[in-house]
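K.L.:
For this one, chain W is given, so just place chain D on it according to the hints.
2 protein chains.
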Amino acid sequence: MPHQLYAVIMAGGSGTRFWPASRRSRPKQFLAVAGEQSLIAATRDRLAPLIEDDHILVVAAREHADLVREALPGLPPENLLCEPVGRNTLPCVALANAEVRRRDPDAVQVILPADHVIAPAESFRESLAAGAELATCSGALITFGIRPSHPATGYGYIELGPLTGELEHVSAHEVAQFVEKPDQLRAEEFLRSGRFLWNSGIFVWTTAVITAALEASAPATWKALRDARPQDLEQIYPGLQAVSVDVGVMEQASDLRVIPIDYTWSDVGSWGALADLVPSDGDDNRLLGGGSMEAIDAQGNLIYGEAGMLTALIGVRDLVVVRAGDALLVCARNRSEEVRGLVERLNKSAPEHL
Amino acid sequence: MPHQLYAVIMAGGSGTRFWPASRRSRPKQFLAVAGEQSLIAATRDRLAPLIEDDHILVVAAREHADLVREALPGLPPENLLCEPVGRNTLPCVALANAEVRRRDPDAVQVILPADHVIAPAESFRESLAAGAELATCSGALITFGIRPSHPATGYGYIELGPLTGELEHVSAHEVAQFVEKPDQLRAEEFLRSGRFLWNSGIFVWTTAVITAALEASAPATWKALRDARPQDLEQIYPGLQAVSVDVGVMEQASDLRVIPIDYTWSDVGSWGALADLVPSDGDDNRLLGGGSMEAIDAQGNLIYGEAGMLTALIGVRDLVVVRAGDALLVCARNRSEEVRGLVERLNKSAPEHL
Numbered sequence: 430m431p432h433q434l435y436a437v438i439m440a441g442g443s444g445t446r447f448w449p450a451s452r453r454s455r456p457k458q459f460l461a462v463a464g465e466q467s468l469i470a471a472t473r474d475r476l477a478p479l480i481e482d483d484h485i486l487v488v489a490a491r492e493h494a495d496l497v498r499e500a501l502p503g504l505p506p507e508n509l510l511c512e513p514v515g516r517n518t519l520p521c522v523a524l525a526n527a528e529v530r531r532r533d534p535d536a537v538q539v540i541l542p543a544d545h546v547i548a549p550a551e552s553f554r555e556s557l558a559a560g561a562e563l564a565t566c567s568g569a570l571i572t573f574g575i576r577p578s579h580p581a582t583g584y585g586y587i588e589l590g591p592l593t594g595e596l597e598h599v600s601a602h603e604v605a606q607f608v609e610k611p612d613q614l615r616a617e618e619f620l621r622s623g624r625f626l627w628n629s630g631i632f633v634w635t636t637a638v639i640t641a642a643l644e645a646s647a648p649a650t651w652k653a654l655r656d657a658r659p660q661d662l663e664q665i666y667p668g669l670q671a672v673s674v675d676v677g678v679m680e681q682a683s684d685l686r687v688i689p690i691d692y693t694w695s696d697v698g699s700w701g702a703l704a705d706l707v708p709s710d711g712d713d714n715r716l717l718g719g720g721s722m723e724a725i726d727a728q729g730n731l732i733y734g735e736a737g738m739l740t741a742l743i744g745v746r747d748l749v750v751v752r753a754g755d756a757l758l759v760c761a762r763n764r765s766e767e768v769r770g771l772v773e774r775l776n777k778s779a780p781e782h783l
Numbered sequence: 430m431p432h433q434l435y436a437v438i439m440a441g442g443s444g445t446r447f448w449p450a451s452r453r454s455r456p457k458q459f460l461a462v463a464g465e466q467s468l469i470a471a472t473r474d475r476l477a478p479l480i481e482d483d484h485i486l487v488v489a490a491r492e493h494a495d496l497v498r499e500a501l502p503g504l505p506p507e508n509l510l511c512e513p514v515g516r517n518t519l520p521c522v523a524l525a526n527a528e529v530r531r532r533d534p535d536a537v538q539v540i541l542p543a544d545h546v547i548a549p550a551e552s553f554r555e556s557l558a559a560g561a562e563l564a565t566c567s568g569a570l571i572t573f574g575i576r577p578s579h580p581a582t583g584y585g586y587i588e589l590g591p592l593t594g595e596l597e598h599v600s601a602h603e604v605a606q607f608v609e610k611p612d613q614l615r616a617e618e619f620l621r622s623g624r625f626l627w628n629s630g631i632f633v634w635t636t637a638v639i640t641a642a643l644e645a646s647a648p649a650t651w652k653a654l655r656d657a658r659p660q661d662l663e664q665i666y667p668g669l670q671a672v673s674v675d676v677g678v679m680e681q682a683s684d685l686r687v688i689p690i691d692y693t694w695s696d697v698g699s700w701g702a703l704a705d706l707v708p709s710d711g712d713d714n715r716l717l718g719g720g721s722m723e724a725i726d727a728q729g730n731l732i733y734g735e736a737g738m739l740t741a742l743i744g745v746r747d748l749v750v751v752r753a754g755d756a757l758l759v760c761a762r763n764r765s766e767e768v769r770g771l772v773e774r775l776n777k778s779a780p781e782h783l
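Going down the list, the protein sequences come from chains W and D.
Residue numbering for the first sequence follows the numbering used here, starting at 430 and increasing by one per position.
Residue numbering for the second sequence follows the numbering used here, starting at 430 and increasing by one per position.
Worth double-checking, as some hints may not be accurate.
Where chains are identical, the list cannot tell them apart; a pair therefore holds if satisfied intra-copy or between any two copies.
Pairs of lysine to aspartate or glutamate, EDC-like flavour, derived with a Cα cap of 20 Å [claimed, not checked]: (1) LYS777 / GLU723; (2) LYS777 / ASP726; (3) LYS610 / ASP713; (4) LYS610 / GLU644; (5) LYS610 / GLU735; (6) LYS652 / GLU781; (7) LYS610 / ASP696; (8) LYS777 / ASP656; (9) LYS652 / ASP684.
Read the hints as simulated data drawn from the structure, not as lab findings.
Isolated chain W, as found in the complex:
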């Protein structure tokens, strides 16, 4: 009998980059930014039938527990793990590993963020299944790398090592190195070389292997969380080191494999990135969220509206226009990454709008 497959959906992001649609009280993963569904619901649906709700754990900020329940009504209550404060992804992985280990120490785990867009879902499930098989037979930590479509400077990269031969039908490589976000010039070199993939933040490993890796690389965090009960987390979490699983586990480990992904993937990092993912009308305008649009000689605009609300455009190009609650954003589409800086400014000048 094959090992049981579990998924851990990491839903702890605070999502300031989609302000004003995303708010402290409702980060991006709980918004339907890229379709009819919230990103977290789409993430869950993408897993079925490979992994069903009873084998899905969601790790989220405690303040967003109701949003998770609303988005995933089929999730068993005990499968929602709440963090009292955010400490990046390593504690999240350790917390989930402790829970999976109690349920099934032989389980294989898929770790994935709640707020990515990936298509087609079937190809993704095939990748995950291949990863699970490889994790089991190799005993390595498996990560997925995205074949770059352009010289992006907003992602970390994974340099490919040699092809490994554990499984004939899975094209997996050793990991030569992880590389931090490059500048434009290096990103162009990476793209040209063909040897670098974007770091997706999606992982597969067996429970035994990640347990050993945590014991080796993050012993304090693992020891604190290994046997913790939910009611203990309030005490424990503030003292944990905030570190990503990439830095705290993957970069410390030696036995790694990377499986390339060459279908549609996006971490939907900005309004501009989102615009690239959504089909447009005949004038290259896109309407998301809700409401309606009327455009006169307007092209290349991304409108995020609200139910019942009309957005009218006259003679404007390449804008991101987001109306949400008490705030309105009008932003040049190629500058939407500056929303993050805007939110920092508002944090000082007008926090009531965050």
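P.N.:
Chain D in isolation, oriented as in the chain W frame:
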């Protein structure tokens, strides 16, 4: 004793050009588009102390009666004349003339739209006083012409005739002709010639003179309204010819004078025109209406917001952004005259947003 001076404020406009701030239910004259006050309240205040509330008549659409009362709380109730349907300005002038004539057949009347911006108020009162004196001594219909600042194609023009000598201290001309809105080329000729003024739609006349002019040029309308009681208007108005006082009276008359105005005047015909009237912040951005603004590298934008609402701009230039109720307009500033066409489209596609 000099003749009593009355003002007739014409507040019947439907104001589609300021959509979505102006709505069918609240046209532009009832909005504070150019300052703290609504345009109609500013119009009234501009008249004092030359003309006080008891001598001010307001003609408005019946459906806007409450808006007039709200904007002008000092207006005596009997000074509000309601039209059951709009029939352009000639019936409005005739209706007001009938009322003034009942009160004081020797009165001199100032006729002015509710939705203009004029400054300084003192200069304007001097012009009106001069017009009243000229109207009394000359027996002519007096109009005011705006010295053009640019070759506008959106206004009718008045060609100046010879200077008249009735009053030494008032520089008034005969009217050579009224000219419809010109094309760009003619507008440039008009500007160069120095002989053409914009038709302001502001008039002064004695009650006897306008009565005679109405009898001569619009006998049916005048006869219908001369002795009408308010309760009769429902029956009468639908049958009246819809025509402007410019076309129906001024262009038919021979004894006319025009007094030039060379201070700030605007009929605030579009969002773009409004932007030219309002002081800007250091980045040439303007915030009107209400709410707050946060701008990163944004210049030349006009924001019309709502109380409690934040508008954030990143990297955008020369936009008009209007958030009002269930609609949002984002428009290139130099194309704001196309709002009128947009409203016509919405009238078919989404009248619920008008």
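K.L.:
Are the hints correct? Go through all of them and say.
P.N.:
Quick rundown of the hints versus the structure:
1. Taking the shortest alpha-carbon separations for LYS777 and GLU723, only the inter-copy value of 12 Å comes in at or below 20 Å, while the best intra-copy value is 35 Å.
2. For the homomeric pair LYS777 and ASP726, the shortest alpha-carbon distance between copies (18 Å) is at most 20 Å, but the shortest distance inside one copy (38 Å) is not.
3. In this assembly of identical chains, the alpha carbons of LYS610 and ASP713 never lie at most 20 Å apart, being 30 Å within a copy and 36 Å across copies at closest.
4. For the homomeric pair LYS610 and GLU644, neither the shortest alpha-carbon distance inside one copy (28 Å) nor that between copies (83 Å) is at most 20 Å.
5. In this homomeric assembly, LYS610 and GLU735 never come within 20 Å of each other (Cα to Cα): the closest approach is 35 Å inside a single copy and 41 Å across copies.
6. Taking the shortest Cα distances, LYS652 and GLU781 never come within 20 Å of each other, neither inside one copy (39 Å) nor across copies (61 Å).
7. Proximity of LYS610 to ASP696 under the C-alpha cut-off of 20 Å is restricted to the intra-copy arrangement: shortest distance 14 Å within a copy versus 55 Å between copies.
8. When the C-alpha separation of LYS777 and ASP656 is checked against a cutoff of 20 Å, the pair qualifies neither within a copy, at 40 Å, nor between copies, at 65 Å.
9. Taking the closest pair of Cα atoms, LYS652 and ASP684 never come within 20 Å of each other, the shortest separation being 22 Å inside a single copy and 100 Å across copies.
Of the numbered hints given earlier, the model fails hints 3, 4, 5, 6, 8, 9; all others are met.
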